[in-house]
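Colleague: One line per chain: the protein sequences are W and C, in this order. Each residue of the first sequence is one higher than the one before, counting from 1 in our numbering. Each residue of the second sequence is one higher than the one before, counting from 1 in our numbering.
No lab work stands behind these hints: they were computed from the structure. Positions of the beta carbon are idealized from the N, C-alpha and C atoms, including for glycine. Be aware that a few hints might be false.
Claimed, not checked - Residues of chain C clear of chain W, computed beta-carbon distances all greater than 10 Å:
1) E85
2) G212
3) D256
4) Y273
Stated by the list, open to error - Restraint ranges, calculated between C-beta atoms of paired labels, are given here:
5) C/G380 - W/N328: 21 to 27 Å
6) W/D356 - C/S379: 23 to 29 Å
7) W/P69 - C/E320: 52 to 58 Å
8) C/A375 - W/D210: 49 to 55 Å
Listed below, chain by chain, are the residues.
Protein chains: 2
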Amino acid sequence: MTTDNSTSHDSPQGASADSPLDRFIAVIPAGGVGTRLWPLSRAAAPKFLHDLTGSGSTLLRATYDRLEPLAGSRVLVVTGTAHREAVCRQLPELDESDLVLESEPKDSGAAIGLAAAILYERDPDAIMGSFAADQVISPDGLFQDAVREAIHAAAAGKIVTIGIKPTHPATGFGYIRAGDKLSVTGAPNAHTVVEFVEKPSEEVAQQYLDSGEYVWNAGMFVAPVSLMLKHLEANQPELFAGLQEIAKAWDTPLRDEVTARVWPTLPKIAIDYAVAEPAAAAGDVAVVPGTFRWDDVGDFASVGRLNSAKEVDDVTVIGEGARVFTENASGVVVTDTKRVIALIGIKDVVIVDTPDALLVTTKAHSQRVKAAVDALKASGDTDVL
Amino acid sequence: MTTDNSTSHDSPQGASADSPLDRFIAVIPAGGVGTRLWPLSRAAAPKFLHDLTGSGSTLLRATYDRLEPLAGSRVLVVTGTAHREAVCRQLPELDESDLVLESEPKDSGAAIGLAAAILYERDPDAIMGSFAADQVISPDGLFQDAVREAIHAAAAGKIVTIGIKPTHPATGFGYIRAGDKLSVTGAPNAHTVVEFVEKPSEEVAQQYLDSGEYVWNAGMFVAPVSLMLKHLEANQPELFAGLQEIAKAWDTPLRDEVTARVWPTLPKIAIDYAVAEPAAAAGDVAVVPGTFRWDDVGDFASVGRLNSAKEVDDVTVIGEGARVFTENASGVVVTDTKRVIALIGIKDVVIVDTPDALLVTTKAHSQRVKAAVDALKASGDTDVL
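Bound-form chain W, shown alone (with noise of 0.2 Å):
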């Protein structure tokens, strides 16, 4: 890690001298078991690990490499401690000093602000960019075209969201709804923020996209980490203290010991709340809207639409060295053996093949899929969750 931006390795594409862009660090919150996706994911490998889309990539490669001509090497990873290794394996270029493993999960409060902290430490004057490990979006060029923006409006002072024009008119999101332009160099684009809102019923998310106002929340963020640490400390000042307290620790020696101490003190509270809310209450969040294909892989169904160039007749088929025979079938299989999968005579089925446990479900159910894994924690068969 450096803030010292002049070696050919670290300095991102698109960058000139004294552009906001040299001041960018991204940070990959790496977590979230992906319940929704067991029995492939799961705690010990949650969906970020999995190669969900076909692509050769794991959804957490995949973010990092769509990350580095605008970061090069400045990333940073907030992860479990239990994947550490996974991690590291599948992101060999990260410093050891650029993975934030969390002993126990915070919520995104505590570990996007370490690692804006850290950042603020290392450098006051760094723009930040939290985008989590477990998203597919395509094409990069417009994704970062967006973070460009992003940068730019962020280096004029703002918490700077990426919203999602909305295709349909989606109950699983929450919605950012955009006021005035910004006059801002580099972000013809940006946009205030007017507020927040939580996930609609269908008829509200109908009249949001037919007002052409209201974006997707994402939950991508672009903000100068001084500006970050700003509304953290005046909304949640014990939180604050105690990450004030371990980034001053991150680059010396002390840095595991005062995290042991520290990380279990803090309290539980969503980014949302603790920053982005009442920052954009003050008049201190714009949002930049992309237009790139978004999908936040939440269930097996998207995990099929995500794969529609894998097909082996009418399903859709996820898996390196997956052997699958099918007669009269479609959906989606997904498999991390090398059994023999036969399908005959099934339509629309969802089927997850894992070493321990196997799911059949259908693409209109796999919502229910958290269902099974409630089921089976109540039952006490956690071995396999």
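Following the hints, complete the assembly by docking chain C onto the known chain W.
Modeller: Positioned in the frame of chain W, the structure of chain C alone reads:
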């Protein structure tokens, strides 16, 4: 093996001195891969080695136990060399000289003909009863009643099939047309057989059902071994000669040598064509109707029917240590793994879970499983067949 029935161990129930029942010896052909039950049933582990009814007994063991009250330990098993170990494990009481191993499959003519020839060498007055190892029968008492009648009719000089009273116009079985009643003491329900007929159309099957003259051909018969051999000699002299050669060597040190030399040269023909049909034409075949429940476990739909007692919600679960979780699901799960299997919102599904192969189909399509096996064969994936 002994033809001296005076020991209590060998003496079957209900046999009085000089009763034909004393001459009875059971033959169990244990062959047939059961392709329509893939991947549970396969070349290395055919269906008769599985507990498909959730009874705690495999089909083979249940067949043996069902015959024990009639035959005592006088049982011959005919199977492939590949299944020697598995059969001996399931039937530890079987003498080596009562296990006939086919080095290669030669159809039922050779298999049952050799049993007849071996038994004739031991006792020319023996009455054999042949009962395939892969059928499900209940209750045992009604079956045994029918076999006793058949033994009495056989002692009167008949090859006696046990036909199943049809419950519906099945098109998947051959039928037997009964003629006049026989007058044999101990066999009040025995009739002559007019003819054997092949699997009919549904319309014809309905006519058979309505006429009351037809029963299903379940492939079960009881006959004096001498009468079997007489018809075999007349119709298949080459096969007869080969079987005689093996049978004469069977209970001598030359058994293996002669069998290895002669068996591969034997012609392949079904016992129906080699004996039953010509014998029927000669007026030597009778039928005793069986009123017991009978199922040849032809596919997973029948596996489901046979296991109605073991239900998780609406899902029939077969397999020791199965861990099945369902929500809004119905169908059949057969597993010989300990994997957790979760079914969500899927109806009438058939899932067969084995360590190296998984089948997912529906009850309606379970007859099509053979097609998957053929496709695997064609593709060279024979490791799982």
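Colleague: Which earlier hints can't be squared with this structure?
Modeller: Structure breaks no hint.
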